[in-house]
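Asker: Using the hints, position chain Z against chain P.
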Amino acid sequence: VKNQQRQAEFRAFVAAQRDSLRKYAYLLCGDWYEADDLVQKALTRCFGAWNRVEPGGAPAYVRKILTNVYLSHRRLEWVRRERASDEFGEQETDRPHDEVENRLEVLAALDLLPSRQRATLILRYWEQLSVEETAAVMGCTTGTVKSQSSKAVQKLKELLAHSTVPAPK
Amino acid sequence: MNGNHPTDMLARAIPDELPPDRIDVERIIGDGDRARRRHRAALAGASLAGVAVLAAATAFAVVQNGAPPEEATPYPAAAFEFDPAMAGYPEEVPPGETGEGDRFAGDAGERFGPLLVEAGVWSDLPEDVGEDCGDGSCGSADAEFRVVGQQLPGNYGQVYLRSYAGALFLAQAAQTEPSPFTLDLMLPGGWTAEPGPDAIGVFPRHLISDKASYTDQDPLLASEELDDGRTLLTADHGCAYDAVVVYPNGTALRASWNTGCERLHYPLELAALTDALLAMPQYDLDTADLAPVEELLEVSPAWPYTEEWPEAAAADAAASTEAAALAVEERFSGAELAEGAAEQTVFTGELTAARRHYAAAGTLPVEGGPSAGLDFSLRYSLPGGWVAGCWTDRSTPGPYLVSPTLDDCAETEVDGRTVVTQTTVLEDGHAYAVTVFDPDGWAARIETSVPAGAELDLEALVDLVAALPAPVYDPDAVPAD
Chain P
1 VKNQQRQAEF RAFVAAQRDS LRKYAYLLCG DWYEADDLVQ KALTRCFGAW NRVEPGGAPA
61 YVRKILTNVY LSHRRLEWVR RERASDEFGE QETDRPHDEV ENRLEVLAAL DLLPSRQRAT
121 LILRYWEQLS VEETAAVMGC TTGTVKSQSS KAVQKLKELL AHSTVPAPK
Chain Z
1 MNGNHPTDML ARAIPDELPP DRIDVERIIG DGDRARRRHR AALAGASLAG VAVLAAATAF
61 AVVQNGAPPE EATPYPAAAF EFDPAMAGYP EEVPPGETGE GDRFAGDAGE RFGPLLVEAG
121 VWSDLPEDVG EDCGDGSCGS ADAEFRVVGQ QLPGNYGQVY LRSYAGALFL AQAAQTEPSP
181 FTLDLMLPGG WTAEPGPDAI GVFPRHLISD KASYTDQDPL LASEELDDGR TLLTADHGCA
241 YDAVVVYPNG TALRASWNTG CERLHYPLEL AALTDALLAM PQYDLDTADL APVEELLEVS
301 PAWPYTEEWP EAAAADAAAS TEAAALAVEE RFSGAELAEG AAEQTVFTGE LTAARRHYAA
361 AGTLPVEGGP SAGLDFSLRY SLPGGWVAGC WTDRSTPGPY LVSPTLDDCA ETEVDGRTVV
421 TQTTVLEDGH AYAVTVFDPD GWAARIETSV PAGAELDLEA LVDLVAALPA PVYDPDAVPA
481 D
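Chains P and Z are the protein sequences, given in the same order. Each residue of the first sequence is one higher than the one before, counting from 1 in our numbering. Each residue of the second sequence is one higher than the one before, counting from 1 in our numbering.
Just so you know, the hints here were simulated from the structure itself, not pulled from any lab data. Certain hints may be false.
What the hints assert, rightly or not - Each pair of labels, with its calculated beta carbon distance range: (1) Z:VAL425 <-> P:SER147: 36 to 42 angstroms; (2) P:ARG18 <-> Z:GLU295: 51 to 57 angstroms; (3) Z:ASP463 <-> P:GLU132: 42 to 48 angstroms.
Glycine included, every Cβ here is placed at the ideal spot set by N, Cα and C.
For reference, chain P alone in the conformation it holds in the complex (with noise of 0.2 angstroms):
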């Protein structure tokens, strides 16, 4: 009965949770394939602990293990890129141009971003987390915070500059 119990909760969880899950991994990764794969591992992880995961503290809890699995995914890019290509690059052909080129632009920008400014950027201006939120997330001092979402701003400015998209201000 306590498996039961300790089962529905986690599926409640992750009804809850799975498209802002999805959208946060894809803002890490920019690959819809990626980004299942980041939430499906994160999620097996958090189920894997989830009797000593406090309560209320399940999303940032999963947050920060999707946040590793990304940073260590990185670290194994060139693994990952003799997989076979995505089953997702072709979904963009059926939406407006301009709409998707303009999410391409973004995610091009996103991409050239180190891996932990990109994470650290989307914690604290997607996940709206605190200094402190996202500094426990990364595992760094708030300094290292404010100064890598600094940096990921100005960043994003210089590169959307002369793009279709708006540079953050």
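Answerer: The following block gives chain Z in isolation, referenced to the frame of chain P:
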């Protein structure tokens, strides 16, 4: 919010409709449960290992019942609160040569011994691997496999990587040849399995080079993610192979085999090397000192270490110190400075990169000082391989040029140039060291001990070092990114 806010900009990267997902909740629950059971089994194993008598009794009971531990894995994962690739160890003592290092040498002898025999490196296998390979070395006297604890600098010594490094020590006749076989057990921290340039300035460091290294041919790279959680990477250089297996607990083994790029020939198939490598166990190593690198220091690229450079740079060193002697003489009439010599310093654990200096010794006539003058040393440091300033909160210099002292390492600015002064109180006076960092990238440093009563203070020394001319060197030859 407005359209230019980072949040809105990120929102534009997300489509209105998300594509169908591949997230399989049933599989997550199944895999998560298995991971949890493995974790519990590993914990149980760890606690039993500490109580040998109980462990033996339990193992006996398990065999009696015919029920092996459920879902036990030889490769339990480790969880880090940070990305271990962007982490490292302090510069201290490398891992010891006992304990895991001994076990590693024994395992290597057992798994790779047959290959060494087949290739003709060893005439025969050790009679008793457990006995003969138990002290960090293994094999015959003419080709002994030895394991030593090692540390390797990451980002010019900002952090260190730790490993147990195993290599063959060939007999006298073959000592000029590099070891045809090396096997390193890497502790987690500061490295990546992704192939890339293996250089002191690249962090995290790459365990496998993606460039030609044994010959002028680029290697053929391959990777495989194994079902048991390990990842195997290989680089086939034709006449030599590099192979790395990364374990779920963040450790890695790196093997290199040179079949004959040089004079000696030790034939081997790559598959035989990877088979032996994959037969090695995962090691549970001490990572208590591992800490994340919060901000990588920007270090200018170091010079390649070459034995010839000091001689080649002798004239520049002499010209530099000759010009410096004139500047010293202007402030201290009667001062002397001997002709300087070029010297290079290497980094702990890294012999391929160096910093370059010109050094000379001299005397300063000082009122109240020794009649023969006050001894001092001058050292110019050319740009490359260091950071200006002093790592004040550490006991080691790391990438900084100036070694910190526990009592004093003060940083000031004089005429737009950074100046580091260090003062040590002696029984009968003071020891001073002044380093001036020029915006062009070079530095000059003078050290001296001033006895009580001698009329030379720190301020006068700062003025002297700040007045020294630039050393003679070719700015175009300075290593660049």
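Asker: Determine for every hint whether it applies to the structure shown.
Answerer: Taking the hints in turn, this is what the structure says about them:
no.: 1; hint: Z:VAL425 <-> P:SER147: 36 to 42 angstroms; result: holds, 37 angstroms
no.: 2; hint: P:ARG18 <-> Z:GLU295: 51 to 57 angstroms; result: violated, 35 angstroms
no.: 3; hint: Z:ASP463 <-> P:GLU132: 42 to 48 angstroms; result: holds, 47 angstroms
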